[in-house]
Each structure stands twice: as C-alpha cells, then as structure tokens.
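Q: Read off the chains here:
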Amino acid sequence: MSRPRALENIRVVDFSWVRAGPWATRWLGAFGAEIIKIEWPENERGRLPSTTTPQKLEVNLNTSGNFNDTNVNKKSLSLNVRSAKGLEIAKRLIGISDIVIENFSSRVLQNWGLGYEELCKIKYDIVYVSMSGYGHTGRHHHYTTFGPVAQAVSGLTYVSGLPDQPPAGWGWSYMDDTGGMYGAMCALTGLYHRNMTGQGQHIDLSQMVASVPLNGPALLDFTVNGRGLRRAGYPPGNRAHWPGTPLVNNYRGPTVAPHNAYRTHPGEYNDWCVIVCYSDEEWQRLVQVMGAPSWATSPKFASVAGRLQHQGELDEQIEAWSMTFGKYELTERCQAAGVRALPVQSAEDRVERDPQLCHREMYLPMEHPALGLHKVQNAPFRLSETPASNHLPSPLIGQHTREIIEGLLGYSHEELRAGFADGTFWPTKRARFAYLEEMLQ
Amino acid sequence: MSDAQPLPGPLAGLRVLELADETGQFCGKLLGDLGADVVKIEPPGGERNRQVGPFLDDIPHPERSLSFWYYNTSKRGITLNLETADGRQLFRRLAATADVILETFRPGFLASLGLDYESLRKQNARLIMCALTPFGQTGPWRDYASSDLLHMAAGGEMASSVYDEADVPNAPPIAPGGGNAWHMGCHFAYMAIMAALVYRSVAGQGQYIDVSIHEACALTTEAAIANYIYRGEVLRRQTGRHHAAGPTPRTQFRAKDGTYVCALVAGRLNPKYVKDLADLLDSYGMAGDLKDPKYQDPAVIAANTSHIIDDLVANFIAGLPAEEVYHAAQERGFTWGAVRAPEALLDDPHLHDRGFWKEVEHPELGRNFIYPGEAAIYNGAPWRISRRAPLIGEHNTEIFCVELGLSRGELSVLAENRVI
Numbered sequence: 016m017s018r019p020r021a022l023e024n025i026r027v028v029d030f031s032w033v034r035a036g037p038w039a040t041r042w043l044g045a046f047g048a049e050i051i052k053i054e055w056p057e058n059e060r061g062r063l064p065s066t067t068t069p070q071k072l073e074v075n076l077n078t079s080g081n082f083n084d085t086n087v088n089k090k091s092l093s094l095n096v097r098s099a100k101g102l103e104i105a106k107r108l109i110g111i112s113d114i115v116i117e118n119f120s121s122r123v124l125q126n127w128g129l130g131y132e133e134l135c136k137i138k139y140d141i142v143y144v145s146m147s148g149y150g151h152t153g154r155h156h157h158y159t160t161f162g163p164v165a166q167a168v169s170g171l172t173y174v175s176g177l178p179d180q181p182p183a184g185w186g187w188s189y190m191d192d193t194g195g196m197y198g199a200m201c202a203l204t205g206l207y208h209r210n211m212t213g214q215g216q217h218i219d220l221s222q223m224v225a226s227v228p229l230n231g232p233a234l235l236d237f238t239v240n241g242r243g244l245r246r247a248g249y250p251p252g253n254r255a256h257w258p259g260t261p262l263v264n265n266y267r268g269p270t271v272a273p274h275n276a277y278r279t280h281p282g283e284y285n286d287w288c289v290i291v292c293y294s295d296e297e298w299q300r301l302v303q304v305m306g307a308p309s310w311a312t313s314p315k316f317a318s319v320a321g322r323l324q325h326q327g328e329l330d331e332q333i334e335a336w337s338m339t340f341g342k343y344e345l346t347e348r349c350q351a352a353g354v355r356a357l358p359v360q361s362a363e364d365r366v367e368r369d370p371q372l373c374h375r376e377m378y379l380p381m382e383h384p385a386l387g388l389h390k391v392q393n394a395p396f397r398l399s400e401t402p403a404s405n406h407l408p409s410p411l412i413g414q415h416t417r418e419i420i421e422g423l424l425g426y427s428h429e430e431l432r433a434g435f436a437d438g439t440f441w442p443t444k445r446a447r448f449a450y451l452e453e454m455l456q
Numbered sequence: 015m016s017d018a019q020p021l022p023g024p025l026a027g028l029r030v031l032e033l034a035d036e037t038g039q040f041c042g043k044l045l046g047d048l049g050a051d052v053v054k055i056e057p058p059g060g061e062r063n064r065q066v067g068p069f070l071d072d073i074p075h076p077e078r079s080l081s082f083w084y085y086n087t088s089k090r091g092i093t094l095n096l097e098t099a100d101g102r103q104l105f106r107r108l109a110a111t112a113d114v115i116l117e118t119f120r121p122g123f124l125a126s127l128g129l130d131y132e133s134l135r136k137q138n139a140r141l142i143m144c145a146l147t148p149f150g151q152t153g154p155w156r157d158y159a160s161s162d163l164l165h166m167a168a169g170g171e172m173a174s175s176v177y178d179e180a181d182v183p184n185a186p187p188i189a190p191g192g193g194n195a196w197h198m199g200c201h202f203a204y205m206a207i208m209a210a211l212v213y214r215s216v217a218g219q220g221q222y223i224d225v226s227i228h229e230a231c232a233l234t235t236e237a238a239i240a241n242y243i244y245r246g247e248v249l250r251r252q253t254g255r256h257h258a259a260g261p262t263p264r265t266q267f268r269a270k271d272g273t274y275v276c277a278l279v280a281g282r283l284n285p286k287y288v289k290d291l292a293d294l295l296d297s298y299g300m301a302g303d304l305k306d307p308k309y310q311d312p313a314v315i316a317a318n319t320s321h322i323i324d325d326l327v328a329n330f331i332a333g334l335p336a337e338e339v340y341h342a343a344q345e346r347g348f349t350w351g352a353v354r355a356p357e358a359l360l361d362d363p364h365l366h367d368r369g370f371w372k373e374v375e376h377p378e379l380g381r382n383f384i385y386p387g388e389a390a391i392y393n394g395a396p397w398r399i400s401r402r403a404p405l406i407g408e409h410n411t412e413i414f415c416v417e418l419g420l421s422r423g424e425l426s427v428l429a430e431n432r433v434i
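Those sequence lines, one after another, are chains A and B. For the first sequence, the residue numbers in this note's numbering are 16 to 456. For the second sequence, the residue numbers in this note's numbering are 15 to 434.
FYI, nobody ran anything at the bench for these hints, they're computed from the structure. Don't take each hint at face value.
One side of the interface only, derived from the structure: several residues of chain B facing chain A at Cβ under 8 angstroms [stated by the list, open to error]:
{"no.": "1", "residue": "48"}
{"no.": "2", "residue": "73"}
{"no.": "3", "residue": "149"}
{"no.": "4", "residue": "213"}
{"no.": "5", "residue": "244"}
{"no.": "6", "residue": "356"}
Partial list, computed: chain B residues near chain A (C-beta under 7 angstroms) [what the hints assert, rightly or not]:
{"no.": "7", "residue": "81"}
{"no.": "8", "residue": "229"}
{"no.": "9", "residue": "243"}
{"no.": "10", "residue": "329"}
{"no.": "11", "residue": "351"}
Glycine residues also receive a C-beta, built at the ideal position from the N, C-alpha and C atoms.
Okay, chain A solo, but in the shape it has when bound (with noise of 0.2 angstroms):
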C-alpha cells in the first residue's frame, strides 16, 4: 500500500465486545492502526448469537455477518485473560501497545488487575479508554446497558413518536452506533493528546451520559425556560409542529409545514417520501412542481401560519399528489426545482438504489475467508492524504494467534504449541478450527 496511515504504527490492545466497543476500533483500524482483538470462545459476545449469517451457511464463530461488517481491519488473538499465563501475555501486548480500550461493565478490568494504575506501570504513556454503561465513577456505575436501555434512560427513546402515543424509540441500538463513534473520538483525542505532551489518560466514556448531551437544546429549554418535553403536542412524529398544540420550536430546526413523510406510488412498506418547505419561496416551488393545483394556491396555504394552522388539510393534500409519483421520481422532480425531498429508504434501497452512495463507493465488495464476497460499508469521510479503508476482512477467531504470539511478543513455536494444550489460547475441551490446526504444525 502506497498511501500513508493516519494512524501508521499505532497499536491497539482491544478487549471489546458485542457491538459498541468493536464499531469504535474499526474505525481505528481504517485509518491504519493495528487492532488486536482480545477473544475467548467459551465467552464470546459478538460473533454469537448470529442473526445475520447467511441462509446457507452453518451459525458458528466465524459466520456472523454483522461481526464481519463490524471487525474488518482487525487482527484476532485468542486467549484466556483469566489465567495467569494469558493475563501474563496480554501485559506484554499492552507494554508494546499505545491505547487499551474495552466495553464491560465498570470494575471487570481492575478484577483482572489491569485497572489504570496497573496499565500505566506496563506502559507510562497509555491512553486507556473505559465504554462501560455507565462509566467508572458515579453510584450507579455497577449498572448495565444495551443500546435500547441506554437510549430509553437517557431521554432519546422519549423524542421519537407520536402526541398521546407511548415512545415510539428508536428502532436500532442508536446509542451502539454512537457509543462507538464515541469511543473512537475519546481514542483519538487521547492519541493526539499524548503525541502532543507525552502524557497518556485513562478516558471514562459512558454509554448512558454520552446520549444525554445529544437533547441539548431540549434540556436548556428546561433548565433555562423551565419547559420539559412532558407535554402537549410532543412528539409531533415527523412534523416540526403538531397542529392544535401550542406553537413552540420543537428541536429539529425551523418551525415550518410542509415538514412530512408522504407516501408514494406503489405504496408499499418503504414507499415514503419526505418534503420540507424552509420558507413562502420553498412552498411556492412545490406548489409549481405539483402544477399549481387550485387547493395549493388557496390563501390559506400562502404563508407559514397558514399551513402550520392547517397542517392536516396540506399533509393530506400533498399525500394524494405524492402517491401518483416514485419515491426517486418525486425526489428528483422536488429537487430539480430546489424543492427539499428526500426518499426513505430501507437497507435494500440504500445498497441496490442510492445513486449518491452507488458514485461514493459506500458499499464494497471484500472477500471472507468463512462467508465469500459480500459488500463491506466504507467510510464516510476522505482524507486526502491519508485515506480511510478497508483492508482486512473481519478475523476468523483466534486466526493471528500465532502472528502475535510468535512474531510480535517473540515466543517460540514450541511455547505457541504448548499454550494451545495447556488451554491459554483455545479450551483445550473445544474443537479446533481447521486454521488453528494448521497454524500448530
């Protein structure tokens, strides 16, 4: 590879599992660190269970294909951290390496005895960086989350829905995606920071505080206006204001209408399309896109108020227009004439239809040695000179055992040998993959 790392020569010890903590290396990984994955099969959340291997292959270690798309740019070690000898491996590992980060619940590193204090002594300088639920410190640190109880504890399930309705949420572990996003951002700052001043930090990221900071402008209504969110109208579902509630800005930009999901021709489950007019000159471009029609030029509809107060009347309207077009028909005649339209799209459509994505290279085809040729998601950002990528499909479990074991941290084949009888790096009551075998001759 011809183009430098961002990260060229940065290791990473990565005891993180399930899925926030291993969305944050990957994107270390593409910008050129190495991660090595800390595993064990006995006590693997991750890999299994699988919900997402393909129809025709057999569940195990090896098939999830949400782990793939999750781990690509990684390297796997398998070892039992809670022997002695594993524990004495993986210290080596850290005093070579520059960041250590992980996501179990707050006091499981430190029972290890590789709390902070204990990985500054192997390495002076580590940045170690905790994604814990509810990070290190505070009395409820012991708790735990997913995604789901994350987002419900923190106010964001509560933002999503309809008036009267109970929370709609979010339908996805938002805050999995985002705890990663976080724990990348806490990596890299604590990187810059040591290359900076020499000195490394232990970063305590909670996956329940970092989602409360993302309702800012909904928390100092309250604190500043004394308005919480308990109230009439809200959440107004897609709509910046629900018609017949008092008229306060509901946290997603300008109070206007249209501001809607349509639905669009065939009608089918996906088949939605989103308008919304910014101001009387957006409005005006959609009532020409739908060929001035006599209900859009009604005065009633001319100014702000006007369709906010008649919000029902223009979303029914506007829907029976929409459901004559496709959704990237409707999208492209809306934009063409500076209308704001943007179809919905489900995971199908954003692989298969989405022309923008289809030019960026978002989705690429990367070969796995257990699951074939399958599209891998890229990066959403290109640097110019050290570009993002994806270069190492997901690791097989445990498949750079003998690479680290023997190459970096320099034991002998026979110690290699002798680790996997004595069940530091695979239970010695567990079958071998074929690769392991071979990596044993």
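With the hints as your guide, set chain B onto chain A.
A: Frame of chain A, contents of chain B only:
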C-alpha cells in the same frame, strides 16, 4: 490542594476556524469543549441559526436562541463577509494561523472565492481543512437541498423506527427528533479531523477532508445493512424496540405512573434468568407462579414465554412507578431502564456524582444557566465549557486588532463597509 491553574483540555493550543451552519456547529463545540480555540466566523449580522428557537423567555432575538447557545459553547465569535475582497484577505491571514478549518458551505463555494484548500495550504502546509456537507463534494446528489428529516429518511433511520400496527395503525415511519442527523455527521467529522491531527503530529503535514452527512447517517443503523447484505432481509419497524425480519416480543411496558419501562426480557429467558426474575417479582409479592420449580425446565420456559412477558412482567411493571422498576431491576443485575423525558435527567444522582451538569455564566444577562456536560471524563486533560456561545462579533476587536494588528480606525472602516 493548591490554587494551580486548571489542567488544559486535550486539544489546548489548537486554533480552529469554524465556518459552519446547523450542520456543523456541533463539531466545533466538540473541539472547543475539549480545549481547542475555536473561532466561529459568522456573516455580518450573525449566522442564521441564531433565528432558531426556542428562545430565552420565548423572546425571539439572535442573542437568545437556546439552540445556538447549546451548539456554540467554548467558541470565540467574529463576523466576516467572505464575499468582499477585504473579507477574503482577512480570512487568508487567519487561515495562515489556523490548524483546522471546518466549513459547511455548498460544494464549490469557497473555491469560487479563491479560498479553496489548495490555495490556502500554500501559506500553511500544516493546515487541515474539513468540508462537512450533506452529500459530500462529488456525486449526483451533491447539490441537493437537505434537512435533518430528509437525512433521517434517506439514511435509513426512518425505515427502522415506528409503532407496531397494534399500537398505532397506519403510522408513517418516524424520524426520532433532536437533530441527530447533524450529530451523526459531526461525530464522523470530528473523528476524521482528529485522525488528520494525529497524522500531522507525526508527519508535519495537513490535508483536506471531505465528509458526507448522508453517508454518516447511512452508517448508523446498526445491523440493518448486514441483514440485507448477508440474508436479503428488509426489516420491519416495531414500537420501542429493534427492527426485525419477523415480529419479536415487546420490550416496552407501561408503568403505574403512566410512563414506560424498557425491559429486555425476550431472548434472555434461560433458567437462571427466570429464577432471578422470580426473585425480583417476589420481592414485591408479584411473582405469580414463576417460583414454581417447573420453570427451571427450558422447554417449560419456552412454552410460557408469552405468559412470563405479557402477564407477569407486564403486571409487575404496571404495579410500580417506572423509576422504582428501573432501580430495583438494575440492582439485581437486569439490564432494564425507565423511559424518561430528558428533563428527568436533571434529578439523576449518578449524573450529579459525575459532575455532569455545568453552570455557565452569561455575563451580559447577569445570569448563570445549567448546561449538559461531557460524554466522557478525560481524567488527564478535562473537558470544560470555557465560555457561553459568542455574541455577534463579540471578539472582532480581540482578533482583528489585538491578534491581527488592525487599528481601531481600520476596524471601523470594515464595519462601515459590511466586511465585518
């Protein structure tokens, strides 16, 4: 304890020029709160986000937008009209001193003013310039107009979020609120800038970064893409829980106080979990038949999943306030939580223990206000809000006169000519 100066943040010493609207201002805040000197450059009269509510005491005014306040902490503010020759010349002088420029103009705009990266780097080879735009600098949608809602549609967020048909028939796909499309773009932009800074700290060289908000959103739907790529599945939306290829048991239950609890039970019902669950329910005298030894048989559990979830767990939660369920369950090791409105967080003792809420002074108002704090505690170089959002042109004198050496007379001429 000494009265030594507080530790500087991890980005202390970095100079960032921010030319950002609602799409990018959060990235500037992320940098500023971690110690960078972020100079926000607004057009004369102020950035249009100052017109977005809610406003202090509901009085609309460009210095009273709470949205602007929140997203522009820890920045200094100047005004500059880049569409004048003097404005461009001053901007070039500032760019010569900058480590990072963050800009959110439409693709090609800065180049049309002769302020593209290639020309700015000639006077500053260490400069990092990040363009954060709705669709990136290239491609068929490059010039499309967007909004938070539009990004949540095209990015896939809406295709995953809504109600069960039984809860709200015929509901449209719903985009969660709060402006999270901008957050997603800014998180990735921050990462890319930091990676470029790490590289520069070693190689000495800056670079240009093109970030797409659409791509950031398309990357933020967890396993939806993998479900399609590996299994061809298009997922269905469900109330308060994960999208799925087929229906899954509910996880959101109404509590006695009318609010909700998120209780992740389905998929976890093994004998140990059921025993712990029986103990939790029994501590309130609500275990029903769950303590019956028959529930230590996985087959019996499987046959009674609906009874356990829809009768026992639902009734238990219906009998208690949501906060009590949350804490009682967590103390026994259950990953459950109360579905809170954001304002409830002000009373959360855990956040208080972490020093999360920050008092920020607004000296021109003679008042202090409480702001949300940090996602993560940086133990060696702390996060802090160094100042409230800048007033319009608040630091014009400080930056143009003190730092760039303009005279007061020159500053007046610039103001008269709408350059600042």
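Q: Each hint: holds or not?
A: A quick look at each hint next to the structure:
1. 48: holds (6 angstroms)
2. 73: The hint is violated - residue 73 of chain B has no Cβ within 8 angstroms of chain A, the shortest such distance being about 10 angstroms.
3. 149: With Cβ-Cβ at 5 angstroms, under 8 angstroms, it holds.
4. 213: Because about 4 angstroms separates residue 213 of chain B from the closest Cβ in chain A, which is inside the 8 angstroms limit, the hint holds.
5. 244: At 3 angstroms from the nearest chain A Cβ, residue 244 of chain B passes the 8 angstroms test, so the hint holds.
6. 356: With Cβ-Cβ at 3 angstroms, under 8 angstroms, it holds.
7. 81: Holds, about 4 angstroms.
8. 229: For residue 229 of chain B, the interface hint holds, since the closest Cβ of chain A sits about 3 angstroms away, which is under 7 angstroms.
9. 243: holds (5 angstroms)
10. 329: violated (17 angstroms)
11. 351: holds (4 angstroms)
Of the numbered hints given earlier, the model fails hints 2, 10; all others are met.
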